[in-house]
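Could you put together the complete structure from these sequences and hints?
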Amino acid sequence: MTAPLPRTQDNALLADAGDGTAVQLQGIVKSYSGNTVLHGVDLDIAPGEFVSLLGPSGCGKTTLLRVLAGLEGSDSGAVLLGGRDVSRVPTNKRDIGMVFQSYSLFPHLRVVENTAFGLRRRGVGKADAAKRALDALALVGLEEHAGKFPHQLSGGQQQRVALARALVTEPKVLLLDEPLSALDAKVRVQLRDEIRRIQLRLGITTVFVTHDQEEALAVSDRIAVMSAGRIEQIGSPEELYGAPATASVAAFVGLSSVVGGTADGASVVVWGQTLPLQTPATGPVDVYLRPENVVFAEGADAAVRGTVEESTFLGSMRRTVVRTEAGERVTVQHSPGIRPAFGDAVGIALLGEPVAARPRG
Amino acid sequence: MNALAPSRLTRWIIGILVGAFFAIPLISTFLYTLHDPKGGMSWVNWHKLIDPAFASTLQPIWTGLGNSLVLAVVTVLIVLVLLAPTMILVHLRFPKLRPVFEFLALLPISIPAIVLVVGLSPIYLQIARMLGTGTWTLAFAYGITVLPFAYRAIQASIDAADLRTLSEAARTLGAGWPTVVVKVLAPNLRQGLLAASLISVAVVLGEFTIASLLNRQVFQTAMVVVRNQDPYLPAIFTLLALLLVFVLLLIIGRAARGHRKARS
Amino acid sequence: MTTAVTPGADATESAPVPVGTARGEGSRRSASWAWLGLTPFAAYVLLFLALPTVLALASGLFTKTGAFTWSNLSALVDPAVLSTFASSTWVSLLTAIVGAVVGALVCYALLGMNPEGAVRQSVDAAAGVLAQFGGVMLAFAFIATIGVQGIITTLLKDSFGVNIFAGGTWIYEVPGLLLPYIYFQIPLMVITFMPALAALKPQWAEANATLGGTRASFWLHIGFPVLAPSFLASLLLLFANAFSSYATAAALISQGSQIVPLQIRAALTSETVLGRENLAGTLALGMIVVVGVVMALYSLIQRRAARWQA
Numbered sequence: 007m008t009a010p011l012p013r014t015q016d017n018a019l020l021a022d023a024g025d026g027t028a029v030q031l032q033g034i035v036k037s038y039s040g041n042t043v044l045h046g047v048d049l050d051i052a053p054g055e056f057v058s059l060l061g062p063s064g065c066g067k068t069t070l071l072r073v074l075a076g077l078e079g080s081d082s083g084a085v086l087l088g089g090r091d092v093s094r095v096p097t098n099k100r101d102i103g104m105v106f107q108s109y110s111l112f113p114h115l116r117v118v119e120n121t122a123f124g125l126r127r128r129g130v131g132k133a134d135a136a137k138r139a140l141d142a143l144a145l146v147g148l149e150e151h152a153g154k155f156p157h158q159l160s161g162g163q164q165q166r167v168a169l170a171r172a173l174v175t176e177p178k179v180l181l182l183d184e185p186l187s188a189l190d191a192k193v194r195v196q197l198r199d200e201i202r203r204i205q206l207r208l209g210i211t212t213v214f215v216t217h218d219q220e221e222a223l224a225v226s227d228r229i230a231v232m233s234a235g236r237i238e239q240i241g242s243p244e245e246l247y248g249a250p251a252t253a254s255v256a257a258f259v260g261l262s263s264v265v266g267g268t269a270d271g272a273s274v275v276v277w278g279q280t281l282p283l284q285t286p287a288t289g290p291v292d293v294y295l296r297p298e299n300v301v302f303a304e305g306a307d308a309a310v311r312g313t314v315e316e317s318t319f320l321g322s323m324r325r326t327v328v329r330t331e332a333g334e335r336v337t338v339q340h341s342p343g344i345r346p347a348f349g350d351a352v353g354i355a356l357l358g359e360p361v362a363a364r365p366r367g
Numbered sequence: 011m012n013a014l015a016p017s018r019l020t021r022w023i024i025g026i027l028v029g030a031f032f033a034i035p036l037i038s039t040f041l042y043t044l045h046d047p048k049g050g051m052s053w054v055n056w057h058k059l060i061d062p063a064f065a066s067t068l069q070p071i072w073t074g075l076g077n078s079l080v081l082a083v084v085t086v087l088i089v090l091v092l093l094a095p096t097m098i099l100v101h102l103r104f105p106k107l108r109p110v111f112e113f114l115a116l117l118p119i120s121i122p123a124i125v126l127v128v129g130l131s132p133i134y135l136q137i138a139r140m141l142g143t144g145t146w147t148l149a150f151a152y153g154i155t156v157l158p159f160a161y162r163a164i165q166a167s168i169d170a171a172d173l174r175t176l177s178e179a180a181r182t183l184g185a186g187w188p189t190v191v192v193k194v195l196a197p198n199l200r201q202g203l204l205a206a207s208l209i210s211v212a213v214v215l216g217e218f219t220i221a222s223l224l225n226r227q228v229f230q231t232a233m234v235v236v237r238n239q240d241p242y243l244p245a246i247f248t249l250l251a252l253l254l255v256f257v258l259l260l261i262i263g264r265a266a267r268g269h270r271k272a273r274s
Numbered sequence: 670m671t672t673a674v675t676p677g678a679d680a681t682e683s684a685p686v687p688v689g690t691a692r693g694e695g696s697r698r699s700a701s702w703a704w705l706g707l708t709p710f711a712a713y714v715l716l717f718l719a720l721p722t723v724l725a726l727a728s729g730l731f732t733k734t735g736a737f738t739w740s741n742l743s744a745l746v747d748p749a750v751l752s753t754f755a756s757s758t759w760v761s762l763l764t765a766i767v768g769a770v771v772g773a774l775v776c777y778a779l780l781g782m783n784p785e786g787a788v789r790q791s792v793d794a795a796a797g798v799l800a801q802f803g804g805v806m807l808a809f810a811f812i813a814t815i816g817v818q819g820i821i822t823t824l825l826k827d828s829f830g831v832n833i834f835a836g837g838t839w840i841y842e843v844p845g846l847l848l849p850y851i852y853f854q855i856p857l858m859v860i861t862f863m864p865a866l867a868a869l870k871p872q873w874a875e876a877n878a879t880l881g882g883t884r885a886s887f888w889l890h891i892g893f894p895v896l897a898p899s900f901l902a903s904l905l906l907l908f909a910n911a912f913s914s915y916a917t918a919a920a921l922i923s924q925g926s927q928i929v930p931l932q933i934r935a936a937l938t939s940e941t942v943l944g945r946e947n948l949a950g951t952l953a954l955g956m957i958v959v960v961g962v963v964m965a966l967y968s969l970i971q972r973r974a975a976r977w978q979a
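Residue numbers (this note's numbering), protein chains in the order written: chain C, 7 to 367; chain B, 11 to 274; chain G, 670 to 979.
Accuracy of the hints is not assured; some may be wrong.
[Said to hold, decoys possible] With beta-carbon atoms standing in for the labels, derived distance ranges:
hint, chain 1, residue 1, chain 2, residue 2, range
1, G, PHE893, B, ARG174, 38 to 44 angstroms
2, B, VAL192, C, GLY333, 48 to 54 angstroms
3, G, GLU785, C, PRO282, 17 to 23 angstroms
4, G, ARG789, B, ASP169, 17 to 23 angstroms
5, G, PHE893, C, GLN15, 38 to 44 angstroms
6, B, ILE26, G, GLU785, 52 to 58 angstroms
7, G, SER701, C, SER63, 51 to 57 angstroms
8, B, ALA33, C, SER63, 42 to 48 angstroms
9, B, ALA138, G, ARG789, 43 to 49 angstroms
Hints listed in this document are in silico derivations from the structure and should not be mistaken for laboratory results. Just so it is clear, CB atoms sit at the ideal spot from N, CA and C, and this is done for glycine as well.
Listed below in structure tokens is the structure:
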């Protein structure tokens, strides 16, 4: 279990917590040797907000973060921190904190020296810097390890130190580039919650890059789903999950089965059942079904029949993949009490929740 | 972009300055070989290589080169027939011995040839009694000299090839050990074995210390002998030999790259 | 999961195997075949590495007639021997330092270049040739360049009126070793140090930037400290390499005992050196102590440095 945060009066970092800085990206365009990686991206982040950049590899999310950090320049567009244009300002003068995916701790310095590094670069005296570094380490629960070297710590502990190191200088914005991707699953969940807790307490504007949609949904105020160098949709986790604006958002966020249907304006017909559409469409469409909106049904209630292909036990629920007579694969989420076996003939139907659809062809 | 990399200007400055330092002696050597005793420059020295009038002056070099090539072959045999199988054996059966083996293989770096030859002297007296004073017996000492290089090349191949799984798969399919080694393991080690062989050839061609102090005629000792009669001939052979070894190492490097591509 | 039961060295004698079964006997037979398989190589190394080394070192402890004595070792404090060791030391130290610094710069210039590209491949091959196979041939190259009839010598004399040998033909004495030695020390440094430099993680430079550091402060606080152990280790290796080197010196200096390897040559070819018995062995002992200590230090530092390169 993670330790509780220290008391505010004992900890300089917590005591200094402020209101956060607004961040704006305007029209960021970036190309690498002929390939355009970012197509004029706009992003407005409110002070103290936790925004995730979510998308598959190659969508440009890390590039966008690095442009924000100043580690890469953009071909055109502007970066504003607290209303001030920092597009021409080099990284080391932007007053940001950044946590990298791995290997960023300096191997020859102890944990406390690593953490105090940014303060020392800003001219803070050794003793003063060490004290503030210890406060930052207390925030991540690692004050006892202050004298150790990075190679003596586990991956999760190293990333905690990296976080403390980024936060101790009280930067305007905290940038995290897939900080949990290299860690074990259990550590990942623990650490992401800790990051969120600290972020809320400090009120620091945060941009978090990840390819793990579950992670983004769990910790963010808003999520920007990116694909091929553009932001497809930006909204709260609930908005993205319930009302995906495009098919790629629907496909990426949450689990979906894709089936064929015919749209007619505000609704679509799938297997003879009529469902409301999230965005209007007409003609033949690919429809995205959430597993929790697909149920087993018998007799006349079944919209379509099929055969069980696989069934996975997930503790609090089961997910079963059914292949319909038309050959479509549909995932059904249901209580663990029902235990379909391979080859069982079943009938399925859809709950009347709105669905996302994309014109075919 | 690598944030650490130097600017192009820095690269060029260092490259030109250091490049000049290394190019000047080589270019000078080449110009030296073009020296014409009648004045000016010509290919007259190079013609001596094929001129029958200079055949006797050149004879020691051809003899030495021949001996060196024979030595290279025998040394490569020692590497392929003695070192490589032992390394495979240690890898498969005695993994705990690997640090010991590694220490052994790197020992010749710490024991200079000049020291080794003091102790080889009496040993080779005995060998002369048993096997004669032929130059080829030097290969036994050369096998030790090439040990660090050959070991590293073969070990890299062994580590990359997962011999244990391959041999277990072959064994469960019914192969006897000789078949496993020759038909399954060796082909997968081909790149490392080739690199080890080429490096051994290069080391043997360049060896001087042991041959010289044990009074054998090899390529390098021959060049020193001929230098006293004609200083231009050793210079010519220096250029040719350096070029040859350079090409050998390029081949080894290229083969490694091709192998890496195939794996990924 | 199925486990293949393979007989081998792993099979212990105490395993409950019925006596007389093929597998039981096979495992015992297989284990001893394996040990037997090690003997050819072991014998070879014993005969051609261990034995000569022991003979070389021990011969310093015996008189010509075979009686054990410590008196030979007193040769090591003989002024003639001490001055040779001193010469070897300063030549090795100087060429090691120059080689290390210039070599490190070359590695820096190569940093970030494609390892499979033409430049890296050529430099790697060239470094290999010059560091390990040059020997005698480097001597010839330098004689052709700055020897008495060398191209550069005549160029300087004819075009600039500068006679580099006005003070004596230093090329055939100890100072003449410096340039050829540096010629193979730099490539050796490139081979040895490149992995360390390549192990510097760009993330450190980026983290340094996000924390407010400059390029200069990066090298000062991160780059140099992290590289220092590897640099030192490489420096030691270069020192040992120069100290042990024989071929280049032998080709340049045909007579005399200016450095330790040449003194060993003189002792072996029975020139009258100090009239001491088994001087070669004593010198070999002294030499191996020096090189051994340096190499032990080298491997110690290298192991610690490797931890940061992981």
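Hint by hint, here is what the structure shows:
no. : hint                                    : result
1   : G/PHE893 x B/ARG174: 38 to 44 angstroms : holds, 42 angstroms
2   : B/VAL192 x C/GLY333: 48 to 54 angstroms : holds, 51 angstroms
3   : G/GLU785 x C/PRO282: 17 to 23 angstroms : violated, 56 angstroms
4   : G/ARG789 x B/ASP169: 17 to 23 angstroms : holds, 22 angstroms
5   : G/PHE893 x C/GLN15: 38 to 44 angstroms  : holds, 41 angstroms
6   : B/ILE26 x G/GLU785: 52 to 58 angstroms  : violated, 24 angstroms
7   : G/SER701 x C/SER63: 51 to 57 angstroms  : holds, 54 angstroms
8   : B/ALA33 x C/SER63: 42 to 48 angstroms   : holds, 45 angstroms
9   : B/ALA138 x G/ARG789: 43 to 49 angstroms : holds, 46 angstroms
Going through the hint list in order, the structure does not satisfy hints 3, 6.
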